Amino acid sequence: MHGNLGTEILYVMQKRTVVKILLIFTLVFTANNLFAKESEKGENDGKVDTKSEIDAYIEHHLQDSYDFTLWSDGETGAHVGFPLPVILWDNGLKVFSSSKFHHGETVAEVGGDFYKLDHGKIYKTDAAGTITYDDQHHATNVKPLDFSITKNVVTMLLVSVLMLFMFGGLAKSYKKGALPTGFGRVLEPLVIYVRDEIAIPNIGKEKHRKFMGFLLTVFFFIWILNLLGMTPLGVNVTGNIAITVCLALFTYFITQFSANKEYWKHIFWMPGVPVIMKIVLMPIEILGTLTKPFALLIRLFANITAGHVVIMSLIALIFTAQNIYVMTPISLLLTIFISVIELLVAFLQAFIFTMLSALFIGLAVQDHDHH
Amino acid sequence: MDKLINDFSFGLFFWQALILLVLLFLLRKYAWKPILDSLNNREEGIKNALESAEEAKKEMQNLQADNERILNEARAERDGMLKEARQLKENMISDAKSEAQAEADKIVAQAQATIASEKKAAIAELKSQVAGLSVEIAEKVVRKELDNKDKQLELVASMLGDVTLK
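Residue numbers (the numbering used here), protein chains in the order written: chain A, 1 to 371; chain B, 1 to 166.
Mixed in with the good hints there might be a few duds.
[As the list claims (entries may be wrong)] To spell it out: a stretch of chain A is covered by chain B in this simulated footprint if at least three of its residues, at any positions, have a beta carbon under 8 Å from a beta carbon of chain B; those stretches are: (1) 156-170; (2) 256-267.
[Unchecked claim] So the derived label-pair ranges between C-beta atoms look like this: (3) L334(A) x I46(B): 46 to 54 Å; (4) T69(A) x R42(B): 45 to 53 Å; (5) G272(A) x R42(B): 27 to 35 Å; (6) L50(B) x L164(A): 49 to 57 Å; (7) V161(A) x R42(B): 23 to 31 Å; (8) L50(B) x G182(A): 25 to 33 Å; (9) P274(A) x E44(B): 47 to 55 Å; (10) G182(A) x N6(B): 24 to 32 Å; (11) E44(B) x F82(A): 48 to 56 Å; (12) R28(B) x G272(A): 57 to 65 Å; (13) K58(B) x M282(A): 25 to 33 Å; (14) E44(B) x G182(A): 49 to 57 Å; (15) L50(B) x M282(A): 48 to 56 Å.
Since the hints were made in silico from the structure, they are not lab data.
Treat the numbers as computed from the prediction; the structure is a model and nothing was measured.
The beta carbon of each residue, even a glycine, is placed where N, CA and C say it ideally should be.
With the hints as constraints, model all of the structure from the sequences given.
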């Protein structure tokens, strides 16, 4: 990954426009992170200060949650934020506010059934809220089908609305004149960048148009979510395995459904090799179609999660430090440094995901008469 | 891996798929299509404008070359015409000169011929007058001399001696 990252960074460095935009974002978000640190320090001082508590806190942050908590007061146990609707399918649709859980502290009773939060998951339980565990400390209670509008879902909806406004506005600005105005001037080069640097080189000039919608949507969706993950809102959407699985599956299905005859021929009956090799290659090639999107989903998930863990750990140095006056500046400097890198990573991961998606689609739709 | 599978939330997956599908559909229809279309149009427009500018430049050059050619041709024509006129003038002058010379020669020749004939006539007249006079004188002399026979003979003899005809 390191070698990869190096070349990826170099690649981006050449694209000056994008770098300039990144710089602007860097300034904005570094400032944001500084404020975040200040506030988190104030809120959690005295409560979250041991190693295990910090571990739990980071893990909790990485997980999805049923309410949108802006901040919590560790000492009084008060949480500031708003509850989100919980939607369960458990012998019928059950919809209730997540405030019934009281942040996991109480059992929610809905229509005669009892539910309890345990490590960020909803389990069916009894009135007393008993949760039984197996030897690996996994809860053995029944998990109802959970379609709740969680924090991540709300964030995605927000990003969707934001994207619709941003790009709808850009689209509308073309009706007034050939050149976009205002924020559209920032967005337009990005759209052109995705088209000219990602779609056309990988898919080809004739066929790229059909896939532009998907590539552009995925690129901006991931990038904005990655950037939101760096704000003090504390959302971690793209560092969630369900999200990356879903994104990768989209790429997978689009690739398979748009693939031409030759692509399938190369998978099931590789031309130009002996029959025995054809039989041996077939399962390998079929597996290959699956490993490609798997690499996509793991890469995005791992990069973003790692970034969140590193930043939060560096901030946590302040709370575990013996000498707070020495540790605070070191921690702040390190956090700013990593934040800048994470900003690059936020772009890079969106870029790489889109790039590889385009590459896979390109491989499937190309008319290759040689191998 | 175990933890990853445990962390996988089907609900989140479902919502993500739904949101992404709807977002894809909406953005495609209301954003990407108009944006990409206008970008394409604009790029085509710029390309066309550049091409037509290049075309116009070429045309301009052609036109200039044409003008130059026409100008040169006109200049050459003018030179030719001048040269021709000069030639014509010279020819005319020399023609006139030779004609005048011929005429003059003719006139001189005529004059000479006339003079010669006049001279002949004058001589003839002179001769006849002289002859008349001579006859008259002779008559008178003869009349006078014939009174005296000797004198008559003497006179005839002296006169015959004096007069020698050419």
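Query - Violated constraints from the hint list, given by number and in increasing order - result: Of the numbered hints given earlier, those the structure breaks are 2, 5, 6, 10, 12, 13, 14, listed in rising order.
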